[in-house]
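Q: Start from the sequences and build out the full structure, keeping to the hints where you can.
Protein chains: 2
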Amino acid sequence: MSESEISVTFEPQGRVVRVRPGITVREAATRAGVFLDYPCGGQGTCGKCRVKAIAGLSAPESVERSLLTPGELDSGTRLACRATVTRSVAVTVPDTSLLSTTYKILADSSGPIGASADPPVRRVLVEMPSPTLEDDASDFERLIRYTGPLTVSREILSALPAQLRRGEFRGEAIVADGELIVFDEGNTRRPYYVAAFDIGTTTLVGVLLDPAAGSEHARLSRMNPQTSLGDDVLSRILHARQHMKGLEELRMMAVAAVNEMLLELASQAGVTPQAIVQITIAGNTTMQHLFAGLDPGALGEIPFVPAISRSLRIPAKESGVSIHPRGSVYVFPVIGGFVGGDTVAGMLTTNIAESQGPVMLIDIGTNGELVLHRDGILWATSCAAGPALEGARISHGMRAAQGAIEEFFFEEDVRYSVIGDVRPTGMCGSALIDAAAGLLRLGIVLPQGLMLDPGQLPESLPEAIRRRVECDGNGTRFVLVDANETSTGSAIVLTQADVRELQLAIAAIRAGFTILLRRAALGLDEIEHVLVAGAFGNYIRCENAQRIGLLPHALAPSKLAFVGNTSLSGAHHAALSLGARERAETLARQTHHVDLSLDPHFHEAYVEAMFFPEEDATEMTPSGHP
Amino acid sequence: MSESEISVTFEPQGRVVRVRPGITVREAATRAGVFLDYPCGGQGTCGKCRVKAIAGLSAPESVERSLLTPGELDSGTRLACRATVTRSVAVTVPDTSLLSTTYKILADSSGPIGASADPPVRRVLVEMPSPTLEDDASDFERLIRYTGPLTVSREILSALPAQLRRGEFRGEAIVADGELIVFDEGNTRRPYYVAAFDIGTTTLVGVLLDPAAGSEHARLSRMNPQTSLGDDVLSRILHARQHMKGLEELRMMAVAAVNEMLLELASQAGVTPQAIVQITIAGNTTMQHLFAGLDPGALGEIPFVPAISRSLRIPAKESGVSIHPRGSVYVFPVIGGFVGGDTVAGMLTTNIAESQGPVMLIDIGTNGELVLHRDGILWATSCAAGPALEGARISHGMRAAQGAIEEFFFEEDVRYSVIGDVRPTGMCGSALIDAAAGLLRLGIVLPQGLMLDPGQLPESLPEAIRRRVECDGNGTRFVLVDANETSTGSAIVLTQADVRELQLAIAAIRAGFTILLRRAALGLDEIEHVLVAGAFGNYIRCENAQRIGLLPHALAPSKLAFVGNTSLSGAHHAALSLGARERAETLARQTHHVDLSLDPHFHEAYVEAMFFPEEDATEMTPSGHP
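These protein sequence lines map, in sequence, to chains A and B. Following the numbering used here, the numbering of the first sequence begins with 37 at its first residue and continues without gaps. Following the numbering used here, the numbering of the second sequence begins with 37 at its first residue and continues without gaps.
One thing to keep in mind: the hints can contain errors.
For identical chains, the list gives no copy identity; a pair is met inside one copy or between any two copies.
What the hints assert, rightly or not - The calculated lysine to any residue pairs, modelled on SDA-like cross-linking and capped at a C-alpha distance of 20 Å, are:
id: 1; residue 1: K281; residue 2: I192
id: 2; residue 1: K88; residue 2: L109
id: 3; residue 1: K281; residue 2: P261
id: 4; residue 1: K88; residue 2: R101
id: 5; residue 1: K84; residue 2: S124
id: 6; residue 1: K281; residue 2: S194
id: 7; residue 1: K353; residue 2: H639
id: 8; residue 1: K353; residue 2: S189
id: 9; residue 1: K88; residue 2: I42
id: 10; residue 1: K84; residue 2: E562
id: 11; residue 1: K353; residue 2: L109
Please keep in mind that the hints were generated in silico from the structure rather than gathered at the bench.
A: The structure is reproduced here in structure tokens:
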């Protein structure tokens with residue numbers, strides 16, 4: 037693990053997550069899969085997200101002092117959305133702070149991210165009596181008395197007799213998916229790990245996990261290098277079809293990137309990647325096909341059929357992944373050609389199939405995926421949102437990494453917060469949403485998407501904001517951050533073209549939302565929860581997502597919850613639990629695959645969703661309102 | 037298949053075996069696992085082994101004409117021990133000719149050697165509708181609708197989408213142990229095979245099988261080349277322990293020999309070895325360890341513990357066996373350090389565990405193995421008989437191959453029959469038994485094993501026989517075949533040293549027999565059947581084996597049955613049936629492993645068995661009696 041990281045434990049859930057100091061309890065909880073209720077959107081105004089910790093958190097903010105009694109503060113009660121973690125801490129979450137009674141059950145029954153009762157990878161310490169004439173069972177039979185049933189390769193088995201005798205029948209077995217992959221004689225206590233990856237079209241995220249404790253030891257994200265050969269799935273499918281070695285080229289790009297991440301994750305834990313014995317991979321169907329080296333050709337033509345829909349287990353050696361040579365790669369089951377393992381992972385981690393009322397899960401990425409559950413029936417679809425919300429195709433967009441602005445606030449002027457407390461380089465998806473929502477509220481951008489010229493701006497605009505609107509030969513743009521504040525020396529701006537790009541992404545996702553509701557014969561008001569997932573920032577501010585129409589602006593804010601990168605946390609679950617893998621297989625098989633392009637109402641829904649909402653039905657805070 | 041071979045079908049058993057013309061129906065039946073009763077030892081005197089065939093057999097012999105009525109002969113009734121097959125033929129076996137009511141049930145319930153209901157390797161012809169928008173299941177899901185549940189490697193899966201589309205969703209799947217190992221687009225009907233091997237300490241035997249029909253297409257045997265590094269298991273274990281690369285050297289010797297045999301077997305069927313997709317291996321525990329490359333070190337020291345006792349499945353690539361690159365090797369489960377897969381195979385093929393009364397199975401080879409079944413309890417042991425009965429360590433011994441004398445008859449002079457109808461080169465185990473029994477009956481060899489000098493011979497000896505006893509500086513010897521009749525130009529003789537070697541082999545096996553009876557608290561007369569197995573000739577004449585004490589001379593001859601190479605036929609079963617593999621696993625687990633060297637009565641039993649029996653209690657025929 038990295039020296040600078042600390043661990044945050046959530047009780048009674050028993051989940052542990054390793055993070056850098058300074059993040060909010062809210063973010064740590066989301067990462068740990070503990071979903072609290074933030075009806076005010078995490079502004080510190082509603083006081084709903086109370087947690088308790090004796091020490092290890094930042095000093096209470098003034099909003100906390102005004103909402104909590106001195107007695108509560110003395111006993112360690114805090115607001116998860118405001119308090120930040122300063123050192124390793126145990127945080128207690130009262131039932132009343134969890135997302136809702138319904139959802140609390142979901143989150144709990146989805147199985148802990150933490151120590152699991154049925155880990156795919158486990159270490160067994162073995163200390164056996166030596167064989168005697170009375171007990172002359174074979175070495176392997178003797179071993180499985182301690183480990184339970186196993187399979188074993190010829191190679192491991194061949195060395196076993198001499199190892200057992202040198203170690204006086206003591207040793208450590210590492211068992212992965214029921215196979216004995218390592219036997220160490222004596223008592224080495226060698227550390228070993230598993231890793232979980234979200235393989236997005238634009239972004240790769242990986243975590244290093246201790247399979248025994250279930251704890252997270254390191255986390256990394258980076259750009260998917262396949263982006264250089266096309267920034268959406270279709271362009272990559274075409275590349276694989278049109279070039280002799282195109283598939284292998286794409287596969288090796290992803291594998292090489294994952295290998296670099298594994299090296300860095302392992303080095304943060306002070307080990308080599310050979311200490312990692314298994315990795316799990318969740319991504320959309322095309323990304324998974326490319327990673328596994330499966331021909332994606334049929335994914336590019338009607339009726340968009342995958343090579344395989346169930347999960348895959350690939351030997352590490354064959355996949356090219358540089359982990360333990362007897363390690364393996366688990367690839368998620370998929371629902372269809374365009375609803376992949378990332379969606380299954382999201383369904384797994386939110387346990388949406390167990391919800392009482394209708395629940396929609398929206399995973400916002402380059403491909404947007406939507407899942408609707410009603411009365412035991414599941415529908416899923418995907419839409420080509422494009423990479424805008426992951427920071428690509430946007431003038432100053434970038435993924436949520438150090439130097440990315442993750443939040444914008446519009447008051448008398450524009451304020452922002454940056455990941456890593458450095459000078460900003462660009463903005464990630466959550467900040468893009470803030471920027472667009474802010475400009476809409478200020479009247480600088482009109483509902484149809486037009487950004488006004490400096491001469492057309494509303495009278496009421498604060499002067500500091502007004503002077504940020506510029507116009508030159510390339511069109512109108514809004515200067516979000518002045519050149520002298522950035523790491524690059526260039527201003528960070530939002531252009532008219534950026535707004536148009538965002539409108540396309542929103543329209544695709546909203547049209548999917550509309551079509552799934554239709555399929556389930558549900559009205560928007562009948563939805564009990566909308567769970568918003570995505571890897572595009574630490575969290576999005578839902579009121580801003582509603583202002584720009586990415587989420588329905590007519591939805592009661594209390595029904596919205598941001599559940600983080602559920603593709604990654606599903607991969608995390610699958611890395612730690614065989615039961616989670618079984619549930620994933622069942623979910624993938626049970627879900628109805630809806631092809632939007634075939635739906636007669638899709639075009640209408642898409643066109644309707646192209647415009648931003650006229651009015652701001654969900655305004656929660658006075659900040660930035662014109 | 038070889039051009040010169042013919043098929044013999046046994047009804048109602050439905051078993052088919054491919055053989056060279058000229059062998060007796062008895063031998064063909066034994067190979068096919070159809071065990072008839074031959075109370076007279078196959079001399080054509082008792083008339084018990086009646087079978088029926090309309091055409092395809094040799095003309096009736098005089099003994100058949102005297103025992104069968106003209107009406108019987110007209111309807112095709114023959115004696116299996118006399119009639120030889122001349123061309124492909126269907127032979128009907130009446131119930132009354134089978135070994136016994138008890139044993140008939142055994143032989144039948146052991147499952148047919150023939151088409152099996154649960155073949156480990158199968159071909160599935162696939163003709164599927166193309167995917168549509170309404171039926172957009174993945175390619176793999178579509179395939180398994182036709183094949184049933186499967187596993188698949190990344191490599192095969194990767195090519196599948198393009199293959200299915202080129203072949204318009206028609207193709208042929210080859211499934212081995214539940215894994216899709218080949219998919220051919222379109223309709224190629226490529227031939228494919230499996231093979232079964234008996235890996236003996238001295239002799240290797242292999243058969244090529246059609247897994248769909250269950251029929252045998254070719255058969256071969258050869259010397260185990262490991263013999264050059266030691267002719268018994270212990271010397272090979274020592275070689276593996278004492279030389280850096282000793283194990284690998286031994287492994288490669290066996291694998292190279294099997295690869296040569298596979299090449300020849302395949303060429304007899306007109307294909308390459310790549311058409312063979314799976315092989316099964318039965319041998320003693322040490323031979324199996326060496327073949328699989330497992331450290332045999334612990335097999336050479338008390339308490340003689342194997343690395344593993346259950347069956348192994350090794351990818352062909354890893355084992356070095358040159359068959360289909362996605363093929364695999366099945367290695368039999370073993371009972372203990374000295375009772376191996378060959379014994380389990382024998383138990384499987386004779387179905388001894390289902391016998392009503394007590395049954396002993398004796399497998400005579402370089403290691404002799406004995407299994408006793410009584411009332412659901414199984415005991416097994418092994419004894420170091422040495423390679424004499426496989427023709428090694430005997431002056432003119434050889435394995436049962438072309439040029440080997442397989443039978444001696446002592447009348448006015450010595451007569452013999454040779455495998456392959458060529459000039460003799462040496463004698464195999466069955467002929468060695470005949471020779472020793474003949475010389476005992478003639479009084480040339482005394483019960484304690486002494487071969488008399490020419491001057492000490494009994495008066496009654498025919499002159500032609502008397503002149504065959506020679507004596508020179510190397511001791512006494514008996515000239516079985518004169519130099520001018522052999523292929524080598526040297527006489528084939530039996531020496532005093534050969535007789536001593538044979539005595540050691542007999543003593544080891546008989547002592548094992550005695551100890552197992554003691555363990556089961558059984559008297560010899562309580563044994564219902566003694567099944568004699570071995571790869572050392574086409575069959576042995578039980579009355580001769582009893583005369584020399586290899587089989588108890590006090591046993592009623594009707595209780596004896598020669599069941600052929602049961603190690604090979606067990607491997608054959610396992611190549612064709614998953615159920616047979618499951619039964620093998622159960623048998624190996626259930627059987628009590630008896631270590632003779634630990635038995636307090638062993639030494640006494642061994643010394644007692646060192647002498648040939650005093651009198652000829654079982655004499656059946658007048659031939660050659662002094």
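Q: Of all the hints given earlier, name the ones this structure violates by number, lowest first.
A: Structure breaks hints 5, 7, 10, 11.
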